[in-house]
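For the protein sequence lines, the chains are W and H, in the order given. The first sequence begins at 1 in the numbering used here and counts up one residue at a time. The second sequence begins at 1 in the numbering used here and counts up one residue at a time.
Hints are computed from structural coordinates only; laboratory data are not their basis. One or more hints might be untrue.
[Unchecked claim] Taking lysine to any residue pairs in the SDA-like style, the calculated list, with each CA pair at most 20 Å apart, reads:
(1) Lys-9(H) / Glu-222(W)
(2) Lys-291(H) / Pro-179(H)
(3) Lys-9(H) / Val-203(W)
(4) Lys-291(H) / Gln-19(W)
(5) Lys-291(H) / Phe-132(H)
(6) Lys-9(H) / Leu-304(W)
(7) Lys-9(H) / Pro-205(W)
(8) Lys-115(H) / Phe-20(W)
(9) Lys-25(W) / Lys-115(H)
(10) Lys-291(H) / Arg-307(W)
(11) Lys-291(H) / Thr-120(W)
(12) Lys-280(H) / Pro-229(W)
(13) Lys-291(H) / Asp-311(W)
(14) Lys-115(H) / Glu-16(W)
(15) Lys-115(H) / Gln-19(W)
(16) Lys-9(H) / Arg-219(W)
(17) Lys-9(H) / Ala-230(W)
(18) Lys-119(H) / Trp-12(W)
(19) Lys-187(H) / Phe-29(W)
(20) Lys-119(H) / Leu-36(W)
(21) Lys-9(H) / Ser-204(W)
(22) Lys-3(W) / Phe-13(W)
(23) Lys-291(H) / Ile-228(W)
(24) Lys-25(W) / Ile-275(H)
(25) Lys-117(W) / Gly-120(H)
(26) Lys-18(W) / Gly-120(H)
(27) Lys-14(H) / Leu-201(W)
Quick caveat, the model's predicted, so the values are computed rather than measured.
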Amino acid sequence: MTKTTSLSIKKWFETEKKQFKSDDKSAYFFTLPYVLLFMAFIAIPVALAMILSFTTFDMVSFPKFNSLNNYIYLLTADEEFMRYILPNTIKFAIIVGPGGYILSFVMAWALAQISYKLRTVLAIILYSPSLTAGITMTVVWKVFFAGDESGYLNFILLELGLIVEPIAFLQSPEYLFTIMVIVALWGSMGVGFLAMLAGILNVSPELYEAAAIDGLKTRWQEIMYITIPAMRPQMLFGAVMAIVGTFSAGALGVQLSGSNPTPNYAGSLIVNHIEDYGFIRYDMGYAAALSLVLLLIIYFFSRLSWRLFGDKD
Amino acid sequence: MKKPYRAIKMNPDKWSWDQMPFLLMVLPVALFMLMPLIYIFNHAFKPFDELIEYPPRFFVRRPTLDNVLELFQTATTTGIPVTRYLFNSIVITAIVVFLSIFLATLTGFALSKLKFHIKGVIAQINTLAMMFVGTAVIIPRYILIEQFGLIDTFYVHILPVIAIPVGLFLVKQFIDQIPNELIEAAKIDGASSFTIYYKIIIPLIKPAIATIAILSFQAVWNDASISATFINRDSLKTFAFYMQTLSSSSNVVAGAGMSAVASLIMFVPNLVIFIFLQSKVMNTMVHSGIK
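Excised from the complex, chain W in its bound form:
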């Protein structure tokens, strides 16, 4: 057994060496810096999260192996996680991810049928919120939703006589989540939207004309059978960007309400829970287990979009 493995390793090494000989050596120099930085700040952290998730670690003493305890705790004992964090994260992801994605597609589709100058201006406007990565602009939304009568929304509602006294929107568990969704959707039309717009504009007009001759009956059929299939690669890129954008927006609830955990955990997502355990309670092992769960969720959604839009072979 060991002999065969060592033999196959040796064989693998031989072929690698042979291939390396015919390689362009400068390619290695060119890729090395990127690969090193990639390893140091992306790959190794992921690997480290995996290892640490099986330990107890408080940043002071050396990590102690505790097998699956963190995961058992996560599934059975972390009441907030099961009751608030996980449902919140899934709900947020399902509304903001596909919501922002579909909005981006519809907007790109409509924009593509408008003349160049007007289209460019409108595209810049739609893209502009994501220029600030969403979070920077929470200051604006904070004033809009401010809890006293000087907040715009409270003022409007008071004027209309819909409420008698101002509502503390950002501190209230009832409203915080909805506000987070609104702010996230506001900033959701980023690089993915631009890619889809470019993709739609790039579909050849002959395709549409041929399909019309072949008997397409409605605009809807055209979108489903021509537009989307023709720009599938951009749809996939857009989907991946939507997923990443959605899960990166996790700090929103904490930003808006000003506290972690958010009031009654109403706006807390996994990302906040990770920071709560990691930087407030110094339970790094458990925080690492949470990180891994988050990465798995992201991976799951990405595979799903790969299924939908990837090459079918």
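With the hints as your guide, set chain H onto chain W.
Here is chain H on its own, set in the frame of chain W:
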């Protein structure tokens, strides 16, 4: 009666009234997107009495520069002038944008055009890493950065953010479009790989360069989390971080003028750069598809 079906007309040359329905689809969303931005533009130039007045008004009536002056003159609670944060942000952003362009183009060139047998694997791992969400692994990142001794150094602003998987992906896709014959011809003329990169590739991929420039500019200029997580010394923190503390610590309404100026300083460079480079970005995005 239903209109008969006609093939769609994308990318029309001129405005015509047929386009009205599409404009009506986009306009409400565009207004919603624009509202907060109009708001900060107005709020930033409101005098104090308009900031606190009740009922609150959306538009500024007597614009002043008071808030700008206040932002730059008020000593921060830490005693560090705002200009210091701004200076940090500018220097960090300039270095990161330059380095990320350099690395992404160099690596993209190698992955796309040079012959070495592990390039497929690297490209695949990089595509997978586009899904990577930095905040997810903030804990192990923290531990590593601490081990590297980067806490409270200038480098921690720079090193972790240079490698941008999406940027490399877009550049590689773009370089894939360049015909191989061009590179072969240069090789026959005796050009080294670096000469080919510098003399042939770089001039041809300007649109892709513009795109990574924007991506990395946005990522760095807007980032407050590195200052919050890895930096304790106030003199090394960035403007984005300062802005965040400003909006969370000060009274929401009275400090809102200063916050609005700060967000304007954050936002306007993003916007200007994007407006200048948008046609190049769109050009790159045509090749953005994941196949």
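Q) Which numbered conditions among the earlier hints are violated in the structure presented, ordered from lowest to highest? A) 4, 6, 11, 12, 24 and 25
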